[in-house]
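J.: Read off the chains here:
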Amino acid sequence: KNEVEQSPQNLTAQEGEFITINCSYSVGISALHWLQQHPGGGIVSLFMLSSGKKKHGRLIATINIQEKHSSLHITASHPRDSAVYICAVMGGGSEKLVFGKGTKLTVNP
Amino acid sequence: DGGITQSPKYLFRKEGQNVTLSCEQNLNHDAMYWYRQDPGQGLRLIYYSQIVNDFQKGDIAEGYSVSREKKESFPLTVTSAQKNPTAFYLCASSIQHRQGGYTFGSGTRLTVV
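Residue numbers (the numbering used here), protein chains in the order written: chain S, 1 to 109; chain E, 1001 to 1113.
None of these hints come from the bench; they were simulated from the model.
In this text, all values refer to a predicted model and were calculated from it rather than measured experimentally.
A virtual CB, placed ideally from N, CA and C, is assigned to each residue, including glycine.
Don't take every hint at face value.
Quick list of the computed label-pair ranges, beta carbon to beta carbon [as the list claims (entries may be wrong)]:
no., chain 1, residue 1, chain 2, residue 2, range
1, E, L1027, S, P8, 30 to 36 Å
2, S, G16, E, P1039, 29 to 35 Å
3, S, G16, E, S1080, 50 to 56 Å
4, S, E5, E, N1026, 32 to 38 Å
5, E, S1073, S, N22, 21 to 27 Å
6, S, E3, E, G1002, 20 to 26 Å
7, E, P1039, S, T20, 22 to 28 Å
8, S, R58, E, N1028, 30 to 36 Å
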């Protein structure tokens, strides 16, 4: 069983909709990362957070340490937001990031 | 602009041949990583290096080798011992291991025929 579970696996939305992608993890962590992977394969780091909430433009990431859960929200979604969104965690005693399988988001015009 | 350069983007090799994937960074990051991505799976760590001339095996190191002779460079060799080498390979770096954000390269898609 993967230590990081993302939901949904696939998500299709209409332009302008509010998007939520969820990430649950099973171990204590020191940091959680949200990444964006475009069809070409390159990955961009969106957020790194260990508590609370971060916002960048239309993207918002939240984390609840007690619940072992994080969400990535996209407001006023746009077709250019279409990508795979990946959650990854760094465990408190681990030497490595553990990745979720990703959520494929498609935003239709 | 600083970043990570992976080359080539696409690579084809015959079965049984060794192949080396290039990863160069100009971010002055100490730590560098190689990940493998297969369809439907999360990224898996192959090797990582915290400092020049030092590297550690990740979860799936068998059939791979690396070197870290320079801070900027962390090449990955896929050897003939790797049973299923066709995959997407991503290189990443961070300021220090387990600290700071990660910067990823654009990846190399290796196809072995």
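J.: Taking the CB of G16/S and the CB of S1080/E, does the distance hold inside 50 to 56 Å?
T.: Holds - the Cβ-Cβ distance for G16/S and S1080/E, about 52 Å, lies within 50 to 56 Å.
J.: Against the range 20 to 26 Å, how does the distance between the Cβ atoms of E3/S and G1002/E compare: consistent or not?
T.: Given about 31 Å between the Cβ atoms, the range is violated.
J.: Is it true that P1039/E and T20/S lie within 22 to 28 Å of each other by Cβ?
T.: The hint (22 to 28 Å, Cβ to Cβ) holds, given that P1039/E and T20/S are roughly 25 Å apart.
J.: Verify the CB-CB distance for S1073/E and N22/S against the hinted window 21 to 27 Å.
T.: violated (38 Å)
J.: Do E5/S and N1026/E keep their Cβ atoms within the hinted range of 32 to 38 Å?
T.: Given about 36 Å between the Cβ atoms, the range holds.
J.: Is the gap between the beta carbons of R58/S and N1028/E within 30 to 36 Å?
T.: holds (31 Å)
J.: Look at the Cβ atoms of L1027/E and P8/S and judge whether their distance stays inside 30 to 36 Å.
T.: At roughly 34 Å between Cβ atoms, P8/S and L1027/E fall inside 30 to 36 Å, so the hint holds.
J.: Taking the Cβ atom of G16/S and the Cβ atom of P1039/E, is their distance within the range 29 to 35 Å?
T.: Once the Cβ atoms are compared, 30 Å apart, the range 29 to 35 Å for P1039/E and G16/S holds.
The structure fails hints 5 and 6 (numbered hints given earlier, in ascending order).
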